[in-house]
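Going down the list, the sequences are from chains A and B. Position 44, counted from 1, in the first sequence is what numbering that gives the first Met the number 0 calls 43; the numbers after and before it change by one each time, with no gaps. Position 12, counted from 1, in the second sequence is what numbering that gives the first Met the number 0 calls 11; the numbers after and before it change by one each time, with no gaps.
These are calculated hints, taken from the structure and not from any lab test. For glycine and all other residues, C-beta sits at the position ideal for the given N, C-alpha and C. There's no promise every hint is true.
[Unchecked claim] The calculated lysine-lysine pairs, modelled on DSS-like cross-linking and capped at a C-alpha distance of 27 Å, are:
(1) K435(B) - K405(B)
(2) K87(B) - K238(A)
(3) K196(B) - K212(B)
(4) K260(A) - K238(A)
(5) K463(B) - K238(A)
(6) K125(B) - K240(B)
(7) K289(B) - K371(A)
(8) K260(A) - K243(A)
(9) K218(B) - K359(B)
(10) K350(A) - K94(B)
(11) K405(B) - K439(B)
(12) K349(B) - K463(B)
(13) K125(B) - K332(B)
(14) K232(A) - K463(B)
(15) K453(B) - K232(A)
(16) K94(B) - K332(A)
(17) K212(B) - K332(A)
(18) K260(A) - K350(A)
(19) K348(B) - K196(B)
(20) K349(B) - K371(A)
(21) K232(A) - K255(A)
(22) K332(B) - K218(B)
(23) K359(B) - K349(B)
(24) K297(A) - K238(A)
(25) K348(B) - K212(B)
(26) K404(A) - K371(A)
(27) K243(A) - K253(A)
[Unchecked claim] Only some residues are given here: those of chain A computed to face chain B with a beta carbon under 10 Å:
(28) L39
(29) Q52
(30) I77
(31) G198
(32) F229
(33) R322
(34) A362
(35) R365
(36) S406
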Amino acid sequence: MRAAGRGYGGMTARQFVREAQGGLDLREFYSEFFSRLHALQQDYRLLVTMAEQAAWDALPASRPGPLRGLPFSVKDNICTQGIQSTAGSRILEGYIPPFDATAVARTKHAGGILVGKTQMDEFGFGTFSTNSGYGVPKNPLDPSRSCGGSSGGAAGLVRALDLPHVAMAESTGGSISCPAAFCGVVGLTPTYGLVSRWGLIDYANSLDKIGVLARSVDDCALLLEQMEGFDTKDSTSLKRARTKDYRQELDLRKVKIGLPKEYFQGVDAGIARTVQGAVDALEREGAKVQEVSLPHTKYALAAYYVIATAEASTNLAKYCGMRYGQTLPLEGKFNEFFSRVRTRYFGDEAKRRIILGTFARMAGYRDQLYLKAFQARTLVIRDFERAFKQVDVLAAPTMPLLAPKFSEIASLTPVEHYQMDILTVAPNLAGIPQLSLPCGELQGLPVGLHLLADHLNESALLGVGRAWERLTRPVEEG
Amino acid sequence: MNAKTGELAMAGEADPAGIMIGLETHVQLNTQSKLFCGCANPVHQDAEPNTLTCPTCLGLPGAKPRVNERAIASGIAVGLGLGCQLAKEMFFSRKTYFYPDMSKNFQITQYEVPLAAQGSLEAQGKAIRIRRVHLEEDPARLVHGPRGTLADYNRSGVPLLEIVTEPDFRSPAEARAYLQKLELILAYLGVAGGIFKSDANISLHGGERVEVKNITGTKEIEQALSYEIVRQSSLARRGQKAVRETRAWNPDLKITQEMRGKEGEAEYGYIFEPDLTRITLPQETVAKIKATLPELPDQRYARFLKHYALPPKVAESLVSDLDIALLFEQVAKEVDPKVAGTWLAGYLKKTLNYNELSFKASGLQPSWIVWLLQLFVRGGITDRNAEMAIRRMVDEQLPPQEIIQKHGLAGPVEDPALLVRKVVEANPRAVEDFRKGEAKALNYLVGEGIKASKGRVDAATLRKLVLQLLE
């Protein structure tokens, strides 16, 4: 990294935007930025597509808005007009959307510059980004380890880039929090419906949420401020006035933190200790801490996988080689043709989830699986409702283990693989906002602190997050 | 149309032929835009293929549906028109199956809870129970041609209403009468767009139920069901049983053909449509639709009987065509309603049917009809020539004044007695026959008189004059 890079290195996104608005030479910055990006891509394969030319084309027209000149990457399952969007799947190789996702359009409108599409598990199906159709992204902290998933490329890029940048990511069952924890960055998963899903390539529509991976809580807040808000193009987007500013810090003496006891069971002992240490530090600053119980947590994983795969198996039906993406010569009957295309271009995990999800919604199983899962989901939501009557924020470990080595991942069975999501699926089922923060290290690897708040209480989440950052690594606020 | 008549029909035993038929009818709605996107509804225009499309109706990755509230309002109007109970809360489901006309390989439809249910429709004196009425999206249109099969997504996402009956029909004729009445009610409600297609479930003597798909319109339903009854009966005569299967109606060959058997029965794996929220129908909205619901055929029939004192057959005929019913009300303001009713239900409809035209398409103006009938009532034109005038008006697209003048269909005959004398002199053999007592000869002479007067002298007058002359 040259001198200029070091100059940008410590900047928050807001500081960078202020510089850009003040006449910083964006061309010089982007030369630096892309040479760095090319180098990182060589080393870690964090992107599916680099949008270098598009970025250069967008620069002269970059709007003087609140994200003026700020580089942003986009998870590959979020549609970007004119830039290939594959959701990490070979079946969509070469697919160039004719429209921007609402979140992308709003970010561009605020002055953000799209720099590339980040790696992910195919359609979001995974916890380690090992199910990508475009090679496996490597953790910049240790290339023999996973970035986490499914937004692995986004978290890895945030970790590796020593330059201002925010990553637009997406979570269905923990796909922002998990890689945030494994890469030691900040991951914000907003309330379901806060950010429009228009343009998000669906995994499980009732669970999918667009969020942010970034270097700091404030960087996350900055992008959320621009992305959030009602959108007529997404019926599930929430009709409410936009919160224009998420910059408030909370007085920890007024905050009640709950520790859900179920979330410390079966977790790596070192991780549990590290998270407990972080909570102790917040308590010393005046926060009230108490234990709470979320008794239906044990049903969350099964309910999540039934609902998510049932929805996914219908979402993936449209990929059949007929209208877009990959295809094959037309031969035989239509269903034989569809099967050949799908057999050839879907990865193993996509096929596994199509089969699981189709089974869960078939006549004869639908009542026991699909409809039962909705009942379990309701119980999980009630657990959180009860908890948030007692406390403002819940704190738990994000992941039950540290970023694993690829060799370790290879020996996991699919069920063991799914169990990695045990701490993140319940809040995702409930659609409540989540913030994963780095809270310490074990064996040189980061540990994630998972903060959860009630629906639309992003302010509390970000407020506690800021307080934690001030305690651990003071960042000069913009 | 109430629950009670529905129960009566239900209580009715299967007839001796043991025929049980139920219908599922799909009708396109005429909303301005499609069901789940803002694209124009192609029922209103003849658009080039694939020009009325967007990411949503093409099923592009990342696109989402949003509900067209006008389509829901149309569905509610139909539900109310069929005396249904409306759902308190609405939601949509995904019906997943693979077919090349499907943009997403799932159809957004209503499964667990339909928009409306438990209604009834009375056709030819029989109450047919309506099981459910629900909204769904039309798939794309497949066009089979020399270049192979092409898909036109203009139709993808057009709002469809599916109306399902209980198995209450005991003959193909009953099914046809029901469809005609349903089509009429939809016309009165002003919601129907285009295609009107039915699938029929039919069983004989409690045997297996056979589904016959893709029957278009009201004529074909009778043909398709009759064919299927003959097919199933002849199976029975040969000692075979009808198997549970799905067959397709082939309108060119006028037969039903095997589509798939029981083992091929579709498994749709319904899930709740997660991109759409549940919709609670606000009471005010329903009340407003109810208040603005137009008069329906049965109500209009009753009013015509009471208000205009029309004969039941005439009232029924007028009501069975919305354009004609509306024309009648306009004409009856200026012409004796009984004359207007008889003429519109009789000669006018006959002429339109002959030309296969609707009143709207015929080019006839209401003012033309009023003028002509007023002339007739005054005795200024004969019955025969007034009918002739209607036919010529349709053929030549001219007002009655010009038609009558052009073809000399009315106006005074200077001396009818002289005209009769000439007819008698020119037909000595008929006169001779008459004197021998052949009644037909008189009719012949009267007919010759009508011809000679170009219909301007009516038959009664001519008969009187002929008799006077010969006796």
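Holds or violated: K87(B) to K238(A), with C-alpha atoms at most 27 Å apart: 22 Å, holds
Would you check the hint for K349(B) and K371(A), treating anything up to 27 Å between C-alpha atoms as holding? 62 Å, violated
Measure nothing beyond the straight line between the CA atoms of K196(B) and K212(B); if it is 27 Å or shorter, mark the hint as holding. 9 Å, holds
What's the verdict on K453(B) and K232(A), does the C-alpha distance respect the 27 Å limit or exceed it? Answer violated: K453(B) to K232(A) is near 70 Å, above 27 Å.
Is the Cα-Cα distance between K232(A) and K463(B) 27 Å or less? 80 Å, violated
Is the Cα-Cα distance between K463(B) and K238(A) 27 Å or less? Violated: K463(B) and K238(A) sit about 85 Å apart, past 27 Å.
With the threshold set at 27 Å, check whether the alpha-carbon distance from K348(B) to K196(B) stays at or below it. 26 Å, holds
Is the hinted pair K125(B) and K240(B) satisfied, with a Cα-Cα distance of at most 27 Å? 30 Å, violated
For the pair supplied as a hint, K348(B) and K212(B), is the alpha-carbon distance within the 27 Å limit? 33 Å, violated
Does K297(A) pair with K238(A) here, judged by a C-alpha cut-off of 27 Å? Roughly 33 Å between the alpha carbons, so the hint for K297(A) and K238(A) is violated.
Report holds or violated for the interface hint on L39(A), using the least CB-CB distance to chain B and a cut-off of 10 Å. 27 Å, violated
Is the hint on R322(A) kept, meaning its closest Cβ partner in chain B is under 10 Å away? 7 Å, holds
In summary, the numbered hints that this structure violates are 1, 4, 5, 6, 7, 8, 11, 12, 13, 14, 15, 18, 20, 21, 22, 24, 25, 26, 28, 29, 32 and 36.
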